[in-house]
Amino acid sequence: KAGVTQTPRYLIKTRGQQVTLSCSPISGHRSVSWYQQTPGQGLQFLFEYFSETQRNKGNFPGRFSGRQFSNSRSEMNVSTLELGDSALYLCASSFSGVWNEQFFGPGTRLTVL
Amino acid sequence: GIQVEQSPPDLILQEGANSTLRCNFSDSVNNLQWFHQNPWGQLINLFYIPSGTKQNGRLSATTVATERYSLLYISSSQTTDSGVYFCAVIRNNNDMRFGAGTRLTVKP
Chain R
1 KAGVTQTPRY
11 LIKTRGQQVT
21 LSCSPISGHR
31 SVSWYQQTPG
41 QGLQFLFEYF
51 SETQRNKGNF
61 PGRFSGRQFS
71 NSRSEMNVST
81 LELGDSALYL
91 CASSFSGVWN
101 EQFFGPGTRL
111 TVL
Chain C
1 GIQVEQSPPD
11 LILQEGANST
21 LRCNFSDSVN
31 NLQWFHQNPW
41 GQLINLFYIP
51 SGTKQNGRLS
61 ATTVATERYS
71 LLYISSSQTT
81 DSGVYFCAVI
91 RNNNDMRFGA
101 GTRLTVKP
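Going down the list, the sequences are from chains R and C.
Following our numbering, the numbering of the first sequence begins with 1 at its first residue and continues without gaps.
Following our numbering, the numbering of the second sequence begins with 1 at its first residue and continues without gaps.
It should be emphasised that the hints constitute simulated quantities derived from the structure, not laboratory data.
Treat the hints with care, since some could be wrong.
As the list claims (entries may be wrong) - Computed from the model, here is a short list of chain C residues facing chain R with C-beta under 10 Å:
no., residue
1, G41
2, Q42
3, I44
4, P50
5, I90
6, M96
To be verified - Straight-line Cα separation of at most 25 Å, SDA-like style, residue types lysine to any residue; simulated pairs:
no., chain 1, residue 1, chain 2, residue 2
7, R, K57, C, N31
8, R, K57, C, Q55
9, R, K57, C, G1
10, C, K107, C, L13
11, R, K57, C, L13
12, R, K13, C, G41
13, R, K57, C, N94
14, R, K57, C, P39
15, R, K57, C, Q3
16, C, K54, R, G97
17, R, K57, C, Y48
18, C, K54, R, E101
19, C, K54, R, F95
20, C, K107, R, G3
21, R, K13, C, W40
22, C, K54, R, N100
23, R, K57, C, G41
24, R, K57, C, S26
25, R, K57, C, G101
26, R, K57, C, P50
27, R, K57, C, I44
28, C, K54, C, T105
29, R, K13, C, P39
30, R, K57, C, N30
31, R, K57, C, S28
32, R, K57, C, E5
33, R, K13, C, Q42
34, C, K54, R, W99
35, R, K57, C, I2
36, C, K54, R, S96
37, R, K57, C, A100
38, R, K57, C, K107
39, R, K57, R, Q17
40, C, K54, R, G3
Note that beta-carbon positions come from the ideal geometry of N, C-alpha and C, so glycine has one too.
I would like the entire structure built from these sequences, with the hints used as guidance.
Structure follows, in structure tokens:
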């Protein structure tokens with residue numbers, strides 16, 4: 001069974017631009033969650049999607065948004081990038097929700113210059 | 001929100017030694033997982049253990065939910081065990097909260 005995949009793996013953007021990251025969950029998993037990891041703040045929850053609906057949201061500004069498609073693939077968008085958005089963005093999939101065992105993808109490393 | 005504390009923050013071992021990593025959490029939880037983050041950043045599942053004890057090779061974990069802590073045991077450590085170990089908890093089906101991690105270095 002294929003694992004969670006994320007694209008792209010690395011990304012360099014400049015301040016003010018926007019970026020879209022993609023996550024494909026494990027087949028059969030309907031829940032996709034997104035996390036941001038930085039040296040200063042550690043791992044923080046962004047949001048969770050289940051059946052194309054955002055079910056949970058962490059404490060991040062509205063510049064961070066996401067969506068989920070009918071095949072459970074999810075995208076995360078960050079608009080008006082700031083230097084502080086430089087981070088490793090991880091997505092995780094689980095069968096029915098964050099309370100189930102979660103499986104993480106390899107991450108997308110975003111650098112904002 | 002729920003607080004998650006891991007100890008020790010850093011641990012240096014000689015190859016072959018045993019170690020215990022601890023995760024304390026401030027409230028009851030529905031889910032607890034242990035992960036190993038590899039040098040490339042990927043979180044590798046170690047255990048899904050909201051309560052009880054599990055073993056997988058040289059690794060084992062115990063969660064005492066009533067006392068709000070979990071322990072990860074690594075026996076006969078190898079250099080490949082180096083990396084950062086995270087515990088993460090969920091309460092009431094909300095977001096997953098991570099501890100700050102324990103950075104383990106195993107020297108040959």
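The hints, checked one at a time:
no.	hint	in the structure
1	G41	holds (5 Å)
2	Q42	holds (5 Å)
3	I44	holds (8 Å)
4	P50	holds (9 Å)
5	I90	holds (5 Å)
6	M96	holds (5 Å)
7	K57(R) / N31(C)	holds (18 Å)
8	K57(R) / Q55(C)	violated (33 Å)
9	K57(R) / G1(C)	holds (13 Å)
10	K107(C) / L13(C)	holds (6 Å)
11	K57(R) / L13(C)	violated (39 Å)
12	K13(R) / G41(C)	holds (20 Å)
13	K57(R) / N94(C)	holds (9 Å)
14	K57(R) / P39(C)	violated (28 Å)
15	K57(R) / Q3(C)	holds (18 Å)
16	K54(C) / G97(R)	holds (22 Å)
17	K57(R) / Y48(C)	holds (23 Å)
18	K54(C) / E101(R)	holds (14 Å)
19	K54(C) / F95(R)	holds (21 Å)
20	K107(C) / G3(R)	violated (31 Å)
21	K13(R) / W40(C)	holds (20 Å)
22	K54(C) / N100(R)	holds (17 Å)
23	K57(R) / G41(C)	holds (23 Å)
24	K57(R) / S26(C)	holds (21 Å)
25	K57(R) / G101(C)	holds (23 Å)
26	K57(R) / P50(C)	holds (23 Å)
27	K57(R) / I44(C)	holds (24 Å)
28	K54(C) / T105(C)	holds (23 Å)
29	K13(R) / P39(C)	holds (23 Å)
30	K57(R) / N30(C)	holds (18 Å)
31	K57(R) / S28(C)	holds (21 Å)
32	K57(R) / E5(C)	holds (22 Å)
33	K13(R) / Q42(C)	holds (22 Å)
34	K54(C) / W99(R)	holds (18 Å)
35	K57(R) / I2(C)	holds (15 Å)
36	K54(C) / S96(R)	holds (23 Å)
37	K57(R) / A100(C)	holds (20 Å)
38	K57(R) / K107(C)	violated (41 Å)
39	K57(R) / Q17(R)	holds (23 Å)
40	K54(C) / G3(R)	holds (23 Å)
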